[in-house]
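Chemist: In order, the protein sequences belong to chains A and B.
Going by numbering that gives the first Met the number 0, the first sequence opens with residue 0, and the numbers climb by one from there.
Going by numbering that gives the first Met the number 0, the second sequence opens with residue 0, and the numbers climb by one from there.
If you're looking for bench data, these hints aren't it; they were derived computationally from the structure.
Careful, some of the hints might be misleading.
What the hints assert, rightly or not - Going by beta-carbon spacing under 8 angstroms, a handful of chain A positions derived as facing chain B:
| no. | residue |
| --- | --- |
| 1 | Lys79 |
| 2 | Thr174 |
| 3 | Gln232 |
Just so you know, even glycine gets a beta-carbon here, dropped at the ideal spot from N, CA and C.
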Amino acid sequence: MASMSSYESNINKVNESPVDRVFMFVNAAVLLVITIVILLPLIFIVSASFSSAEAVIAGKVTLWPVDFSLLGYETIFEHKKVWNGFANSLFYTYFGTIFNVIMTIIAAYPLSRNDLVGRRFITIAFIFTMLFNGGLIPTYMVVRHLGLLNTRWAMILPTGIGVFNLLITISFFRTTIPPELVEAARIDGANDFRIFGSIVLPLARPIIAVLVLFYAVNHWNSYFQALIYLKDQDLFPLQIVLREILIENSIDASMLIDIEDLIVREGLRELLKYSLIVVASVPVLLIYPFVQKHFVKGMMIGSVK
Amino acid sequence: MSKKTLLMALLLLLLALPLTASAQDMVSGPGEFPIVEEPITLNILMLGHAIVEDFSTNTFTNWYSERTGINLNFGIAPPNEAQEVLNLTIASGDLPDIIVGFNVDPSTLALFGPQGLFLPLSGLIEEHGHYIHEVFETSPQVRPLITSPDGEIYGLPQVNECYHCFYSQRAWINSDWLENVGMDVPQTTEEFVDVLTAFKEQDANGNGDPDDEIPLAAAITGWNPTIDGFLLNPFVFSEFTGQNPGPNRYFEMNDGVITENVTSEGYREGLRYLQRLFSLGLFGEESFTQPMDQIKQQVEGGDAPTIGVVISGAHPNFANIGGDRWKKYIAVPSLEGPTGLRQAPFNPWGVGSGQCTINSRTENPVAAFKWCDGLYDRETTLRSVFGIPQWEMAEGEAGQWQWAEEGEPSLGGEEFPSIWRRLSTFGSLQNVHWAQRGPSYRPNHLRLGEVRRDDAAGLEVVLYEETKVNYEPYARDIEDLIPPLAFTTAQAAEVTDLRLGINDYVAQMTAEFVLGRQDIDAGWDNFVATLESLGINRVAEIYQAAYDAQYGG
């Protein structure tokens with residue numbers, strides 16, 4: 000941290016050369032363009048969600064809401080499936096993330112210690128599952144025989160650890176917690192649990208923030224697990240409901256379609272499309288500021304060894 | 000107690016044993032309700048629906064449970080992933096008592112039925128069926144269509160004889176535009192070119208700008224939306240199109256013989272025609288890539304629509320039914336080709352297969368069957384599809400339908416006496432009916448026996464009348480239509496595999512030919528050779544074999 004701030008103050012002292020200035024200008028211009036490219040669709044979605052469906056269909060909405068309307072949001076409020084899904088997604092994300100982070104940390108720390116017997120083998124065993132797995136149906140059978148099918152546990156337990164995240168975490172511990180520190184603690188009379196609780200965990204805050212973000216976003220966006228393990232509509236996460244409403248149903252041409260069905264589905268889709276996207280994105284947007292300061296630091300971890 | 004009485008008691012007990020055992024399946028006679036005296040519960044896997052709030056608390060669910068004495072324990076599958084959930088359920092062997100609403104296709108039924116996964120139903124139909132017999136009698140096409148190659152029936156259908164859906168390959172032309180350029184609805188391919196050219200050159204939409212008109216547009220999503228569907232039929236029989244093209248696309252049957260027609264001279268002529276339209280600038284490249292939503296924006300946007308002709312099954316696809324502009328789009332009849340060929344593809348089956356299958360290991364097979372059977376009853380069908388009848392509503396509240404009164408005009412005119420009247424306008428999210436999930440029976444006379452209305456729901460009237468005048472007269476002979484085929488496992492695997500390659504290749508080459516990136520005549524031999532190497536003749540062979548096996552060709 001110290002070296003970074005002195006680096007910044009150095010920049011301020013030295014006069015910028017013309018080349019540097021050009022560089023900074025181009026840099027700013029490019030970033031501005033990228034920002035606009037990313038920001039415009041977001042603004043459009045928010046504006047469209049506050050516009051009437053007719054205006055959106057007619058393509059009248061560009062930047063600001065046209066025919067201001069809250070109908071989309073009102074419909075969502077009345078839509079039991081959506082709220083139910085929203086609550087479920089929050090539940091899975093909250094508890095799933097806690098579970099993931101705990102599992103990952105307690106697996107990663109021992110594996111980062113050189114004095115763990117069989118460390119190599121265990122690590123390889125973890126990595127093995129990253130490359131090979133039993134496939135959909137065997138996994139389904141396992142979940143079924145464990146009695147997890149159609150329970151909330153099925154959304155939390157089967158993906159306890161993301162191996163990629165585990166590797167990042169191991170690498171973090173390796174680089175930030177030198178063996179000397181552990182030795183010093185031991186000399187002071189701390190056992191391994193004490194070392195883990197009093198020294199490692201407090202130092203692990205950046206990586207925990209990163210893990211929280213990764214896992215939470217993953218849980219929030221996941222739908223496949225729900226799709227195969229859950230049958231009870233009351234347990235469905237938001238993503239399943241979103242897909243049901245938003246994705247243009249592909250029409251099987253040889254089948255008969257009822258016009259009424261077509262109208263109702265199209266109408267619902269148009270009405271809810273943008274407000275649903277907003278509702279579904281807000282929680283993730285809300286997490287980010289809280290972990291962001293750790294995130295930048297944590298992401299760099301493991302990149303330099 | 001003497002020994003004798005004890006013995007008697009024991010004997011009685013023994014006699015009673017088989018009785019109690021069969022009490023499990025003690026059910027009412029055919030067509031009688033409730034089905035069971037003591038309420039039972041069936042596990043049901045139901046395909047979800049975006050507009051049904053909750054099947055387990057649904058008004059129809061409650062009503063039917065009361066009527067039958069059978070309670071349901073619902074599992075719901077998300078509708079976009081129907082096939083995945085079904086496959087997983089079958090592969091895991093973890094079947095519920097009944098699977099409802101899935102449209103399990105004939106090949107799946109033919110594969111897993113004989114393996115003992117699904118209960119064979121023909122015995123139950125004979126012995127306990129009631130409403131299903133009415134279906135078979137009134138709609139004789141149904142029984143052969145749901146019978147597997149081994150002669151058994153493993154899944155009960157949904158029958159929906161939707162007259163206008165039979166001819167869903169349609170195109171719609173803006174009547175204001177026709178008026179503005181002073182022309183009539185085109186009847187032949189040449190007149191069609193003339194009209195489109197006029198649209199292009201003049202200020203057809205009347206907004207003062209002669210250059211903002213797109214004469215013709217097609218899309219890749221929606222109901223029969225593609226450019227190479229409706230417009231090929233004046234040249235060659237072209238089946239239903241879209242993201243999931245009809246199974247028989249690129250094939251046709253004449254006198255019981257199935258052949259491919261994509262390498263035929265007619266097809267090539269059709270491609271030439273499309274190429275001509277494109278090179279005249281009558282439709283744009285985007286017709287090969289855009290989703291229907293894009294067309295909707297151009298129809299609904301601005302001060303006037305900018306599209307003259309849309310290829311699509313029906314208006315909700317490309318216009319906002321709540322608005323007014325859709326009413327301006329009238330049907331372009333099946334066009335007459337240069338050889339005098341004029342035909343409308345025709346899909347008269349109206350049968351969704353496998354809407355109700357029963358687990359062969361269920362404890363209550365007869366009750367489960369009777370539960371499905373009861374759904375074909377007329378009133379039950381109207382309740383499950385449309386909702387609550389008016390007479391059950393409190394004063395001042397609107398139900399969804401009621402019986403018609405004497406002499407009310409029907410949708411189908413004189414021929415079809417009116418039966419019922421729809422009261423709801425098209426709603427959205429609801430919890431009173433099943434939104435067409437599961438078995439139901441809507442024969443032609445019921446659909447056309449709806450009381451005629453001219454308000455927002457009048458779309459049904461428009462579609463009926465346009466179809467009657469513009470498409471039905473040109474319907475292809477029913478004898479020359481390939482009916483839905485049930486394949487054996489090996490056949491199904493092979494067909495799926497080959498079709499994938501063929502469909503992709505034809506779609507790609509159609510675009511290349513029409514957009515002029517490849518010359519149709521120079522590239523034709525190569526096109527034909529590639530299709531042959533992709534196994535198009537093999538597919539025809541398999542279709543023929545399946546057809547012969549099922550319909551005794």
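Chemist: Determine for every hint whether it applies to the structure shown.
Modeler: Structure-based check of each hint:
no., hint, result
1, Lys79, "holds, 5 angstroms"
2, Thr174, "violated, 42 angstroms"
3, Gln232, "holds, 4 angstroms"
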